[in-house]
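Model the full assembly from the supplied sequences, consistent with the hints where possible.
Chains X and W supply the protein sequences, listed in that same order.
Position in the first sequence counted from 1, then plus 46, gives you the numbering used here.
Position in the second sequence counted from 1, then plus 3, gives you the numbering used here.
Each hint should be verified, as a subset may be incorrect.
If you want the footprint, here are the derived chain X segments under chain W, 3+ residues with CB under 8 Å [unchecked claim]:
#: 1; region: 86 to 94
#: 2; region: 112 to 125
#: 3; region: 136 to 150
Calculated from the structure, these hints are not laboratory results.
Please read these numbers as outputs of a predicted model, since none were measured by experiment.
Note that beta-carbon positions come from the ideal geometry of N, C-alpha and C, so glycine has one too.
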Amino acid sequence: MARALRDAYGETLMALAAENDKVVALDADLASSTKSISIKKIDPNRFFDMGIAEADMIGHAAGFAASGYIPFVSSFAMFATGRCWEQIRNSVAYPRLNVKICATHAGISVGEDGVSHQATEDIAIMRAIPNMEIYVPCDAAETKALIRHVAETKTPCYVRMGRIAVEDVYPDDKEFDFTKINVLREGSKAVIFATGIMVQAALEAAERLDKEGMPITVVDVCAIKPCDEEGIVNLLQQHKIVFTAEEHSTIGGLGSLVCELAADKCPRKVIRIGLKDKYAESGNYKDLLKKYKLDADGVYDKIRRTFDKEEKEFRYMPFR
Amino acid sequence: MDNVELKHRAANVRKNILRETANAKSGHPGGSLSATDILMVLYFNVMDITPENAGSIDRDRFVLSKGHASPALYAVLAEKGIIPEEELLTFRKMDSRLQGHPNMNTVPGVDMSTGSLGQGLAAADGMALANKLSGNDHRVYVLLGDGECEEGEVWEAAMAAAHYKSDNLCAIVDINGLQIDGATKDVIGPEPLDEKFKAFGWHVIYADGHDYDALNASFAEAKTVKGKPSVIIARTVKGKGVSYMENQAGWHGKAPNEEELQIGLKDLEEE
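Spelled out as structure tokens, the structure:
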């Protein structure tokens, strides 16, 4: 079933608020879109609309956290991270205040709004901040479990969600361990580390490759930071060909993370699927994902072409 | 605390500000000296903070939004017996709790990490809203600089505090009229700050920021205001009490050398 992650966020936020009177929600005039407004059904006094003032919203969240509350802060990913990066760095992460930045409408799949609203550098800028935890869920079940997980941790967290409804990857009763990667299918030809909506795209691509006799391993990397280093390095050791896929710039996100681990622990060539240091544009989200090669076709083509090239090189290698 | 003792102890705080910055060979004496009397009245007459409850949040809290006045805050915390006076000489040194700008996780009595200007008012109002939600009657105080009010986030927070009727929040603007590049009126002109806060829905109180009676009365008035936050527009002298620093923008972020330190200590002895 296709479900929007922000709906799963809103439902879980509501449940958390009912269980814990220290849970509050802040938004910057996008509460109906981010679904943070759902907390009002439990207690209208624990919802704070800060207006179109993201920097101030982060400061207020810091004040709530410094007073023993668990503030969930929402806006579009572009504004929840970019507009107030320095406030997050200095007023939240440095003092390690328990603020949960749960942003929606991340990536290019926000669609028609265009580049000004398409957060494609948010993982990179959040990753650079010490003390920040970063999670990118891929479906509704993972989102629900993740929101509960971040409510339990005592540290600043960034949760990245998209706008569109996505097909389920996991059953609703799946038990998640957010300190570990999730290997969704295994194959010997290559490994692809994917995050967010690219998990579904990678699974679909893998299905086709499998039918063509090229089985690959597909991994859901929800926890970007801290990440499951051991799990990722183990898979690097098992595979000669490594791909990453993210609805994000290829600079600073999951691709960079895997490259850093490869450089540190297990040298591998890593092929990064994502936005290659460029902006997208306005358009229907499906068309955009297709054009920027971030759908199942794009992932399939990239992997298939890589395999074909490898084979060719292997065939013509003079001293094999 | 009576004015005579407050003045006597404020002189010691000012001496410690000079010692801290001279010893560190860096720091911000000018704005620390302009803020000293405001901090003295807050910590000795207004807030319910003690060495025993300094590590708790179950009390009035203070946010030093102009975090560069950390030498004044640390010296007042030492005067209050919350941190040891000898520790002041570790200011800005490696491995010290007394970071260049305040860190709430290392020093008891520091209620918010600050230093990047413009961020303290939002955090303070967050605390004030949290206090209301918790149903306690603790108050939150926040000190801003006049130059700091050039930051847009100050006005975002001012709007929010008025909207949410944060009458348990009291801001003080330390108006010493100077910032790094010169007089505030020449740099970008943040004034009239009182009219701006009024327009944002705040209750505005005026005080001489070095007059203890005026400051006591201002904080008392702020406590009686209901339905809106209060701001004390406090006119001050940058470098107050040290002859060669008074009203000199150049002493914003420069430490006195040994000779200047001795002259400053003597000025404060005579005051």
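Take the region 136 to 150 of chain X, compare each residue's beta carbon with every beta carbon of chain W, and decide whether three or more fall closer than 8 Å.
holds (count 5)
Take the region 86 to 94 of chain X, compare each residue's beta carbon with every beta carbon of chain W, and decide whether three or more fall closer than 8 Å.
holds (count 3)
Quick check: do three or more residues in the region 112 to 125 of chain X have a beta carbon closer than 8 Å to a beta carbon of chain W?
As far as the region 112 to 125 of chain X goes, the hint holds, because 5 residues have Cβ atoms under 8 Å from chain W.
Consistency note: the structure conflicts with none of the earlier hints.
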